[in-house]
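Participant: Protein chains in written order, with this note's numbering: chain F, 1 to 112; chain G, 113 to 226.
Note that these hints are calculated values from the structure, not bench results. Cβ coordinates follow ideal geometry from the N, Cα and C atoms, glycine included. Hints are all accurate, no fakes.
Each computed DMTMM-like pair below joins lysine to aspartate or glutamate, with the alpha-carbon atoms no more than 20 Å apart: (1) F:Lys99 x G:Asp171; (2) G:Lys132 x G:Asp171; (3) F:Lys99 x G:Glu154; (4) F:Lys49 x G:Asp209; (5) F:Lys45 x G:Glu138; (6) G:Lys156 x G:Glu195; (7) F:Lys99 x G:Glu165; (8) G:Lys115 x F:Glu42; (9) G:Lys151 x F:Glu8; (10) G:Lys156 x G:Glu180; (11) G:Lys132 x G:Glu219; (12) F:Lys99 x G:Glu138; (13) F:Lys99 x G:Asp209; (14) G:Lys175 x G:Asp198; (15) G:Lys156 x G:Asp171; (16) G:Lys156 x F:Glu42; (17) G:Lys175 x G:Glu190; (18) G:Lys115 x G:Glu138; (19) F:Lys77 x F:Glu8; (20) G:Lys151 x F:Glu42; (21) G:Lys115 x G:Glu219; (22) F:Lys99 x G:Glu180; (23) F:Lys45 x G:Glu154; (24) F:Lys99 x F:Asp2; (25) F:Lys45 x G:Glu219; (26) G:Lys156 x F:Asp2; (27) G:Lys115 x G:Asp209.
Residues from chain G that keep clear of chain F, each with C-beta distances beyond 12 Å, as calculated: (28) Val124; (29) Lys175; (30) Ser188; (31) Glu195; (32) Ser199; (33) Val226.
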Amino acid sequence: GDSVTQTEGLVTLTEGLPVMLNCTYQSTYSPFLFWYVQHLNEAPKLLLKSFTDNKRPEHQGFHATLHKSSSSFHLQKSSAQLSDSALYYCASITGNTGKLIFGLGTTLQVQP
Amino acid sequence: NSKVIQTPRYLVKGQGQKAKMRCIPEKGHPVVFWYQQNKNNEFKFLINFQNQEVLQQIDMTEKRFSAECPSNSPCSLEIQSSEAGDSALYLCASRGDFSGNTLYFGEGSRLIVV
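Use the sequences and the hints to build the structure in full.
Facilitator: Here it is as structure tokens:
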């Protein structure tokens, strides 16, 4: 069945270093991919969404590129900030019901 | 601030008690989802609606959970007989008609079953 895989449960890095959070997917249909960010005791919020025309979405310094050949949508940022510490979820929309399938999430901890 | 409004933010129930949560979707959004986020932060899809009709639901939802999205009233999710394993954050989300539309989440109702 359709699925989303995030290989890292926890990523810890120092402020200023680059961020890369992995996301791969399996989908029967051509999917939409999303990255959501959830800060402590807050709602998950959309960070990025894939485009159908292969443009690279960017928001708050984060970007991700949908690679259909490798079924990936990795999240990247050139320089981590302390405020980036949060839970990050990769998700895909499958089929025609629009059900969002989530990965298990990656906790990003940015240290001074 | 989230435009999907969920109440209550917290509820504490004893095992066997009913637990009811409500959700007002973002204005103009006909599609509503309920997810359960467990203590490991994993998301489990429970049920989704388009207007008042159920699109999909999982087996657990069919048996112990009841949910509805009546017109002109908040959507609701009710656990008929709470179990310890139901302790979780219940997230409601809504979106527009198109399946590729972004899903917007509320802040959730945290259920603790003692």
